[in-house]
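J.: Here is what each chain is made of, one letter per residue.
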Amino acid sequence: MSYSIAGSLGAFCDWLDQTDLSQTIQITSWIVPAVQSVHILAITAVAVSALMIDLRLIGAFAADQPMRRVASRFLPFVWWPLLILLGTGVILIIGEPVRSLMNPIFRIKMVLLVAAIIVTGLLQYLQRRDPAFGDSAYKHRGAATAIAVLSMLLWTGIIFAGRWIAYYA
Amino acid sequence: MEINHALDWLQTTAVARTIAENDILFPWIESVHVLAFVVVVGSIAIVDLRLLGLASTDRTANRVLHDVLPYTWGAFAVAAVCGSLMFSSNAVNYAHNFFFRGKLILLALAGLNMVVFHLVGIRGIEAWGASGRTPLAAKIAGAVSLAVWMSVVVFGRWTGFTMH
Numbered sequence: 000m001s002y003s004i005a006g007s008l009g010a011f012c013d014w015l016d017q018t019d020l021s022q023t024i025q026i027t028s029w030i031v032p033a034v035q036s037v038h039i040l041a042i043t044a045v046a047v048s049a050l051m052i053d054l055r056l057i058g059a060f061a062a063d064q065p066m067r068r069v070a071s072r073f074l075p076f077v078w079w080p081l082l083i084l085l086g087t088g089v090i091l092i093i094g095e096p097v098r099s100l101m102n103p104i105f106r107i108k109m110v111l112l113v114a115a116i117i118v119t120g121l122l123q124y125l126q127r128r129d130p131a132f133g134d135s136a137y138k139h140r141g142a143a144t145a146i147a148v149l150s151m152l153l154w155t156g157i158i159f160a161g162r163w164i165a166y167y168a
Numbered sequence: 000m001e002i003n004h005a006l007d008w009l010q011t012t013a014v015a016r017t018i019a020e021n022d023i024l025f026p027w028i029e030s031v032h033v034l035a036f037v038v039v040v041g042s043i044a045i046v047d048l049r050l051l052g053l054a055s056t057d058r059t060a061n062r063v064l065h066d067v068l069p070y071t072w073g074a075f076a077v078a079a080v081c082g083s084l085m086f087s088s089n090a091v092n093y094a095h096n097f098f099f100r101g102k103l104i105l106l107a108l109a110g111l112n113m114v115v116f117h118l119v120g121i122r123g124i125e126a127w128g129a130s131g132r133t134p135l136a137a138k139i140a141g142a143v144s145l146a147v148w149m150s151v152v153v154f155g156r157w158t159g160f161t162m163h
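If you read the protein sequences in the order shown, they are chains A and B. If you count the first sequence from 1, position 16 lands on 15 in numbering that gives the first Met the number 0, and the numbers rise without skipping. If you count the second sequence from 1, position 141 lands on 140 in numbering that gives the first Met the number 0, and the numbers rise without skipping.
Bear in mind the hints are in silico, worked out from the structure with no lab data behind them. Keep in mind that a hint or two might mislead.
[What the hints assert, rightly or not] Just a few of them, taken from the derived set where beta-carbon distance is under 10 angstroms, the chain B residues facing chain A: (1) Leu6; (2) Trp8; (3) Glu29; (4) Phe36; (5) Ser83; (6) Gly159.
[Unchecked claim] If you anchor each label on the Cβ, the simulated ranges turn out as follows: (7) A:Trp79 to B:Val77: 22 to 32 angstroms; (8) B:Glu20 to A:Ala165: 16 to 26 angstroms; (9) B:Val119 to A:Thr23: 43 to 53 angstroms; (10) A:Leu20 to B:Glu1: 48 to 58 angstroms; (11) A:Arg140 to B:Ser83: 38 to 48 angstroms.
Just so we're clear, the structure is a prediction, and the values are computed from it rather than from any experiment. Cβ atoms here follow ideal geometry from the backbone N, Cα and C, with glycine treated the same way.
If we strip away everything but chain A, and leave its shape as in the complex, we get (with noise of 0.2 angstroms):
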């Protein structure tokens, strides 16, 4: 089962690297450098967006201020370049599929995003039902501490793995 579920994606990786769209980028040098680059200043933006919501929750940053006004400054500059990243990942597959999609760097990578995006999720939700979620007098800052460290940990992870797929041969 696993074999072809591994075989059907190779197919797939070997049928994208012979599309038009594909041959272009790689071919043209100045794409993927390009892209990478738009690419790293998406991450910048969410990661540390992340980073200031993640630093306040553990009162390390603005303390004075009120969780909410700190979450609905920074969380639009999670989700909005989130799309960016999404939208340029996407094109930089499109030009090395089999250096991605076959990779266990990037799939580790993909693994990560996705609980990034639920442990953001989650701050989001717990955020706007308890209004004092994060502040000095909420009743679970253990919780709060926890999803802060996590959220780090995985954007930490992110950027690393990124990094790493250019190793992994």
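Using the hints provided, position chain B relative to the given structure of chain A.
T.: Just chain B, lined up with the frame of chain A:
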């Protein structure tokens, strides 16, 4: 030339040789470099957008500066150390790389912009108050900073593609 002797010496030091000859040391240093400059550029962008009056307008520019800059400087120190280690492993080639040279010039521009802002543009920052409005000098500093730091990222990425 003196500078070429210095670069030659640098890349034959024990630290540089170790990084150059080890398979996983360079990617690890590079990963930490990327993580650190993400924090540098992202946190500076928060300040820049406030100077432009586009974001964080519910907080005074002075507060935003003090919220963010300790993280910026901490991360900058890490990025600079990791960057220097990577540079040392192949000093002569980096020093002759167009995009690496461009990146250094852009970093100097970013520093100059920051110094000018702190000497001139920051005057009376406490009096700007809590409104989103900022003086023209602050808007110029914010726009220049945003453009220069984004260019630093682009030149850095292009350095990686032109070093082999």
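J.: Going through the earlier hints one by one, which of them does the structure break, listed in rising order?
T.: 1, 2 and 5
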